[in-house]
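Residue numbers (this note's numbering), protein chains in the order written: chain A, 1 to 172; chain B, 1001 to 1172; chain C, 2001 to 2172; chain D, 3001 to 3172.
Hints should not be assumed to be uniformly reliable.
[What the hints assert, rightly or not] Calculated lysine-lysine pairs in the DSS-like style (CA-CA distance at most 30 Å, straight line):
# : chain 1 : residue 1 : chain 2 : residue 2
1 : A       : LYS172    : A       : LYS161
2 : A       : LYS52     : A       : LYS30
3 : C       : LYS2030   : B       : LYS1044
4 : A       : LYS161    : D       : LYS3161
5 : D       : LYS3030   : A       : LYS44
6 : D       : LYS3052   : B       : LYS1044
7 : D       : LYS3030   : A       : LYS136
8 : C       : LYS2030   : B       : LYS1030
[As the list claims (entries may be wrong)] Some, not all, of what chain A presents toward chain D, calculated at C-beta under 8 Å:
#  : residue
9  : GLY36
10 : THR39
11 : GLY118
Think of the hints as simulated: they come from the structure by calculation, not from any bench. Model, not experiment: these values are computed from the prediction. Cβ coordinates follow ideal geometry from the N, Cα and C atoms, glycine included.
Listed below, chain by chain, are the residues.
Protein chains: 4
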Amino acid sequence: MKKFALLPLFVLSLVLSSPVIAAQQADPAKGLFLPGDVTADLAKIALEAAVKKAREQGTLMNVAIVDAGGNLKAFCRMDGAFLASIDISIKKAQTARSLNMPTTQLHDAAVPGAELYGIEVTNGGMVIFGGGELLKDQHGTIIGAIGASGGTVANDVEVAKADAAAVLASFK
Amino acid sequence: MKKFALLPLFVLSLVLSSPVIAAQQADPAKGLFLPGDVTADLAKIALEAAVKKAREQGTLMNVAIVDAGGNLKAFCRMDGAFLASIDISIKKAQTARSLNMPTTQLHDAAVPGAELYGIEVTNGGMVIFGGGELLKDQHGTIIGAIGASGGTVANDVEVAKADAAAVLASFK
Amino acid sequence: MKKFALLPLFVLSLVLSSPVIAAQQADPAKGLFLPGDVTADLAKIALEAAVKKAREQGTLMNVAIVDAGGNLKAFCRMDGAFLASIDISIKKAQTARSLNMPTTQLHDAAVPGAELYGIEVTNGGMVIFGGGELLKDQHGTIIGAIGASGGTVANDVEVAKADAAAVLASFK
Amino acid sequence: MKKFALLPLFVLSLVLSSPVIAAQQADPAKGLFLPGDVTADLAKIALEAAVKKAREQGTLMNVAIVDAGGNLKAFCRMDGAFLASIDISIKKAQTARSLNMPTTQLHDAAVPGAELYGIEVTNGGMVIFGGGELLKDQHGTIIGAIGASGGTVANDVEVAKADAAAVLASFK
């Protein structure tokens, strides 16, 4: 058993002495993400705008923010909001970012016979109805995306657009 | 292999002496699930109501019960019932709970061109035809859901509704 | 829209008039499963034996029964039992049946350097610790398997063995 | 495409007039989640406590909160935090809740030869090192869990414990 008893310490010391971790302790985030990518502060602005809009609507939303790389940055589910919308809101944001367009635009394009019919089964599941919108900075550069799910599609689109607008406004 | 021989006993004694397990031995379920969630007793009532209704119909059903969190609570497959319906019945129950509505309501909403077209590929697969119904208590709070699969959709819906009614009746 | 309006009725009539469904209405299960396979009645005996044993132990179990084909036949989760054990109990039963041995036997065989090292990542995840046991009839024919999960591994093994014994006893 | 043009409006009006949605507009969350489950307000407290602790540590964390059913409730990733930790933090929280114990307790139990060796491949992947902690209310009832990932395991555990403490303190 001795050999195993030391393993955790050994691994721990490896990790602690790695250059990445050492650098993080001086200035944790330096060099670790692209300048201009959606930040936690922006994600917070987006989530708050979403919840505010949902309350105006009387809806219960799941809201997901992904960064420019399509990776989850922030998420919240309002009390009582659909459990199904955890996945749907995340996938809406990922779909919007990965195709660089609002998911609303996929709705007609993915019906039988239309150009992208069947696209929804790629990428582990894409969402082809509205509620995913792009996040852009003041120069129009895509910095991430938002997905909202919890009401009618019209509700979801309105929430996602309110988020994107709040993020854009924060640059001005 | 000798060096491993002592480990299981060692770990076992660790586990047995942990506060979590100790508390469980005094009162096993205390604090481990939210009051009001569907219980094993209620699930049994639901399964029995399902089998009774299926026998009246002359159908062979798979029946799945999930709790308020959408996690499988109980399941049974009648002799000769469809193997495909194992997954379908579980997903019907999870779909109903995760959208807080009977799966029948998704049937029209998910056809090509309709609002939720494509929703079935989210969440690892949702079921968009009838046979998933919500389980509610006497106050109308959602405590879980049931999925029935094995006959025509009309059969499945009838079985699932009979279950939900049996659960509701048990509160009165 | 007309074209779509008729579709549900059309499909329904197809289903209703299919020979399979028609046969089911006369004698629903005839020809639909192998003689000797685990039945719903046997599964019920197994689940009840499991719950009885768990109560003696003061543990909270998830118990899954699979048939000779490795397909889920019945499942129950006691109130407060681990959510993780939904999947673990089902996989224990499937592992036992798919290798025709109790999962306890995999424990030593799957450690690094042993013969089956790494087997647990096949089949979408196998369980390589105890709690999966075979169900056999009076002739020793494997008719299914049981997986129990919720206590220590020793607890789980005891519950699964009690189940297998109860099923075997029911043949005598 | 004309023939589809009317469908969305048609379905939308169906949805808007459904009793479920109508009830939601009066009191959106009524009956839709079990009383006592982790709320969005509690999740926010947990995320803020996590970020505060991470800043003290000089680490960059991903933090995930799941509810009593193991479903994602809230998530944030600090700028520059590991992308791998999106999944790890979510799975840490789900692992803790689904086994009702901190993930630290799995570390020794899952080494080769120990009792739960191989458990990490079940449930679509569990995390067997520290950083997942339970969230409890003032009565000791489990109301969810938190997963923190981004530093050394010791960092992660410290962050997760700070979160759990902040949630518990909010009840007093």
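Subject >> Minimum beta-carbon distance criterion (8 Å), A/GLY36 to chain D >> reply: Status violated, d = 12 Å.
Original post:
Given the proposed pairing of C/LYS2030 with B/LYS1044, does the C-alpha separation stay at or below 30 Å?
Top reply: holds (26 Å)
**OP:** Using Cβ atoms only, decide whether A/THR39 comes closer than 8 Å to chain D, and label the hint accordingly.
**Re:** holds (5 Å)
**OP:** Sort out whether A/LYS161 lies within 30 Å of A/LYS172, counting only the CA atoms.
**Re:** Distance of about 17 Å is within 30 Å: holds.
Subject >> A/LYS161 paired with D/LYS3161 [C-alpha distance capped at 30 Å] >> reply: violated (36 Å)
Subject >> Interface hint outcome for A/GLY118 [beta carbon to chain D under 8 Å] >> reply: violated (17 Å)
**OP:** Could you grab the alpha-carbon distance between D/LYS3030 and A/LYS136 and see if it respects the 30 Å cut-off?
**Re:** Distance of about 36 Å is beyond 30 Å: violated.
Original post:
Holds or violated: D/LYS3052 with B/LYS1044, Cα cutoff 30 Å?
Top reply: violated (47 Å)
Subject >> Holds or violated: D/LYS3030 to A/LYS44, with C-alpha atoms at most 30 Å apart >> reply: Distance ~26 Å between D/LYS3030 and A/LYS44 Cα, so the pair holds.
Subject >> Hint consistency between C/LYS2030 and B/LYS1030 [alpha-carbon to alpha-carbon, up to 30 Å] >> reply: violated (45 Å)
Subject >> 30 Å Cα cutoff - pair A/LYS52, A/LYS30 >> reply: violated (33 Å)
Hints 2, 4, 6, 7, 8, 9, 11 from the list above are not met by this structure, while the remaining hints are.
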